[in-house]
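**Q** Using the numbering used here, read the sequence shown as starting at 435 and increasing by one per residue.
Hints in this document: simulated from the structure, not taken from any laboratory.
Any given hint could turn out to be false.
As the list claims (entries may be wrong) - The list that follows gives simulated cross-link-like pairs (lysine to aspartate or glutamate, EDC-like), each with its CA atoms no further than 16 Å apart:
(1) Lys488 / Asp550
(2) Lys466 / Asp550
(3) Lys488 / Asp514
What the hints assert, rightly or not - Computed beta-carbon distance windows for the label pairs:
(4) Ala519 / Pro440: 30 to 38 Å
(5) Glu506 / Lys461: 46 to 54 Å
(6) Lys466 / Arg556: 38 to 46 Å
(7) Arg556 / Ile472: 37 to 45 Å
(8) Lys553 / Asp514: 27 to 35 Å
(9) Pro494 / Tyr456: 32 to 40 Å
(10) Gln544 / Phe520: 33 to 41 Å
(11) Arg555 / Ala510: 51 to 59 Å
(12) Cys460 / Ala524: 23 to 31 Å
Note that the Cβ used here is the ideal one computed from N, Cα and C, for glycine as well.
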Amino acid sequence: MNGLPPNFPYIVCIILIMVGLYCIACKRNLIKIIIGLIILSDGVNLFFICIGYKIGGIPPILHEETFKHGLEVFYALAVDPLPQAFVLTAIVISMSVVAAAAALAVRIYQLYGTLDAQKIRRLKG
């Protein structure tokens with residue numbers, strides 16, 4: 435990443451989150467809203483990964499070499515595994531939410547014949 439500012443990953447996270455929020459708030463099509471939800475969750479996941487990253491960090495895997503140099507050195511060099519675990523959990527939850535939302539969108543289209551959120555509100559009565 436030569437030539438890029440050191441906070442570039444955070445800027446990308448903010449842009450992804452803002453694009454996702456824009457899609458959720460301003461789009462009328464349910465599919466576009468679901469895509470915005472995906473972009474928003476990806477931006478948040480990338481932000482958590484950026485928080486746990488260390489430049490020049492090593493994977494947090496204990497092996498014999500770790501004990502030769504001491505655990506303090508290992509803790510200072512290893513990246514934080516907790517954000518990685520949270521992101522894996524968030525990816526699974528996000529995929530299940532997107533699958534449920536897509537199934538709901540298909541059912542709404544079958545019932546109302548449209549995916550426009552404003553038209554669906556008017557048809558509701």
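**Q** What hints, given by number in increasing order, does this structure fail?
**A** Going through the list in order, the structure violates hints 1, 4, 6, 7, 8 and respects the others.
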